[in-house]
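With chain A's structure known, arrange chain B on it following the hints.
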Amino acid sequence: MRIKLTVNGLIYERDCIEHKTLLRFLREDLGLMGTKEGCGMGECGACTVIMNGRAVNSCMVLAVEADGASIRTIEGEAEGPSLSDIQRAFERNHAVQCGFCTAGMVMSVKELLAEHPKPSADQVKEAIEGNFCRCTGYTQIVEAVLDLTGSPEKKGELEHV
Amino acid sequence: MVYEFRYLAPRTAAELAAVLDGHKEDGKLLAGGTDLIPGIRNGVMKPKVVIDLKKYSGADRLSYGADGLSIGPAVTINDILRCKEARERYPVLCDCAHELASHQIRNRATVAGNVVNASPCSDMAPALLCLGAKATIRSATGERVVPFSQFFAGVKKTVLAPGEFVSCIMVPAEAAGARGRYLKLKRIAGHDLGIVGVLMTRRDGELRFAVSSAAPTPVLVDSVTEKDSADEAVRKVLAAVSPISDVRGTKEYREHMIGVYARRLFTEVE
Chain A
1 MRIKLTVNGL IYERDCIEHK TLLRFLREDL GLMGTKEGCG MGECGACTVI
51 MNGRAVNSCM VLAVEADGAS IRTIEGEAEG PSLSDIQRAF ERNHAVQCGF
101 CTAGMVMSVK ELLAEHPKPS ADQVKEAIEG NFCRCTGYTQ IVEAVLDLTG
151 SPEKKGELEH V
Chain B
1001 MVYEFRYLAP RTAAELAAVL DGHKEDGKLL AGGTDLIPGI RNGVMKPKVV
1051 IDLKKYSGAD RLSYGADGLS IGPAVTINDI LRCKEARERY PVLCDCAHEL
1101 ASHQIRNRAT VAGNVVNASP CSDMAPALLC LGAKATIRSA TGERVVPFSQ
1151 FFAGVKKTVL APGEFVSCIM VPAEAAGARG RYLKLKRIAG HDLGIVGVLM
1201 TRRDGELRFA VSSAAPTPVL VDSVTEKDSA DEAVRKVLAA VSPISDVRGT
1251 KEYREHMIGV YARRLFTEVE
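In order, the protein sequences belong to chains A and B. If you read the first sequence in the working numbering, its first letter stands for residue 1, the second for the next number, and so on. If you read the second sequence in the working numbering, its first letter stands for residue 1001, the second for the next number, and so on.
Source of the hints: derived by calculation from the structure; they are not laboratory data. Careful: at least some of the hints might be erroneous.
[To be verified] Okay, the calculated bits of chain B under chain A, using three or more residues with CB under 8 Å as the criterion:
no., region
1, 1003-1016
2, 1035-1042
3, 1101-1109
[Unchecked claim] Residues of chain A clear of chain B, computed beta-carbon distances all greater than 10 Å:
no., residue
4, Ile11
5, Glu13
6, Asp15
7, Glu28
8, Leu30
9, Glu91
10, His94
11, Lys118
12, Thr139
[Unchecked claim] DSSO-like, lysine-lysine: derived pairs with alpha carbons at most 27 Å apart:
no., chain 1, residue 1, chain 2, residue 2
13, A, Lys4, B, Lys1048
14, B, Lys1084, B, Lys1055
15, A, Lys4, B, Lys1028
16, A, Lys4, A, Lys20
17, A, Lys125, B, Lys1084
Beta carbons are placed, not taken as given, at the ideal position from N, Cα and C, and that holds for glycine.
Only chain A is shown next, with the shape it has when bound in the complex (with noise of 0.2 Å):
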């Protein structure tokens, strides 16, 4: 089937197998690595992306249902060498540890702060309830949020788990 999407707010129109996930489609056809495939099931939500404004797991949504859709992902952050402010943060509260969570997290993140522009810790974490991180144990990840929207909630008063 012929599809045309815009990811990162370029055009693309491609043949598609039918029954190839988004998550497949943006990996294989566009070559967009950054987004990974995790538990490929919907549980860890490392394949995270936004789709019309909305962060889905791309590996259950089947390219072809992308027919028309406006997608986000990771490669759509920095400008050039310039990581984006949630990229910074991230980076500055070493949110980030063996990396194969984050881009899921940053577009859940980017999601939130488009519908919430000074969400409360519990706001960030119900975002991120969907993406799995097996390494810093969410609370960088959860103070990179508050950091980067001045959040009263300061940094050291999160629950460490």
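Just chain B now, kept in the frame of chain A:
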């Protein structure tokens, strides 16, 4: 996915009904895809034709009118949570929606898909049962309306016949303002399937309980009254359920926690 299928995306409800009618045996409807796509990947589901219902005009309609809240088959869980009318008039619907899976899944998963799947652990079923919601079921030959109290037929089974689909879920206007709370027991604080879930609603002196993960289908209990003692209320709820032991919990643990939750709701929800 290695497994191959055809993908069809009808543009009208009538076309969808006709396409589904032509693929009664080998077709499967795709709504949010959060169960179907992993199901295909795992080899549990093997449709030859996947029929996307999201692309027909009106499928994602969510509106409040004189009859109540009308939920189209492509309306997502987060659409409900973002809907002002739903939040103000049907707080328990939102309470249940909020407990369902993760934020990303709520952005894709649909209310209709959650009930059509007919999982015993459906989080939307308790709200739809307690609020007296009804499903409009459409096929190539017509329409029928079925209340959710008669919708579930067994584990992963509903009264839908091949060729039928849920074209609308109506939450009645008279259920607006029902107070209540959904208590869901999970293994972790984040997203998880329920070990048990108990919802109680109270409206105009009428009490209703609905329990998930406690029987082959979600269970509605409408026999509890204001005059009952807490012990009697718990006894009536427990008499209606028949939980099993599985990876998430034992039968005994489930029964115990259903009792704990039923008692808590009965004494705390005003």
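- Item | Pair hint outcome, Lys4(A) versus Lys1048(B) [Cα-Cα no greater than 27 Å] | 24 Å, holds
- Quick check: the region 1003-1016 of chain B, covered by chain A? Criterion 3+ residues, Cβ under 8 Å. Per the Cβ count (6), the hint holds.
- Item | Within 8 Å of chain A (C-beta), three or more residues of the region 1101-1109 of chain B | Per the Cβ count (7), the hint holds.
- Message: With the threshold set at 27 Å, check whether the alpha-carbon distance from Lys1084(B) to Lys1055(B) stays at or below it.
- Response: The hint holds at about 24 Å.
- Non-interface claim for Thr139(A): all C-beta distances to chain B beyond 10 Å? Non-interface label stands for Thr139(A): nearest chain B Cβ at 14 Å, farther than 10 Å.
- Message: Using Cβ atoms and 10 Å as the threshold, tell me whether Leu30(A) really stays out of contact range of chain B.
- Response: The claim holds: Leu30(A) sits with its nearest Cβ about 18 Å from chain B, beyond 10 Å.
- Checking the smallest CB distance to chain B, is His94(A) really beyond 10 Å? About 22 Å separates His94(A) from the closest Cβ of chain B, which puts it past 10 Å; holds.
- Item | Non-interface claim for Lys118(A), where every Cβ of chain B lies beyond 10 Å | 18 Å, holds
- Count the residues of the region 1035-1042 of chain B with a beta-carbon closer than 8 Å to any beta-carbon of chain A: does the count reach three? With 5 residues in contact (Cβ-Cβ under 8 Å with chain A), the coverage given for the region 1035-1042 of chain B holds.
- Given the hint that Lys4(A) pairs with Lys1028(B), does the C-alpha gap stay at or below 27 Å? Distance ~24 Å between Lys4(A) and Lys1028(B) Cα, so the pair holds.
- Pair hint outcome, Lys4(A) versus Lys20(A) [Cα-Cα no greater than 27 Å]: 15 Å, holds
- Taking the minimum C-beta separation from Glu28(A) to chain B, is that value above 10 Å? Per Cβ check, Glu28(A) is outside 10 Å of chain B; nearest 12 Å; holds.
Violated hints: none; the structure is consistent with every hint.
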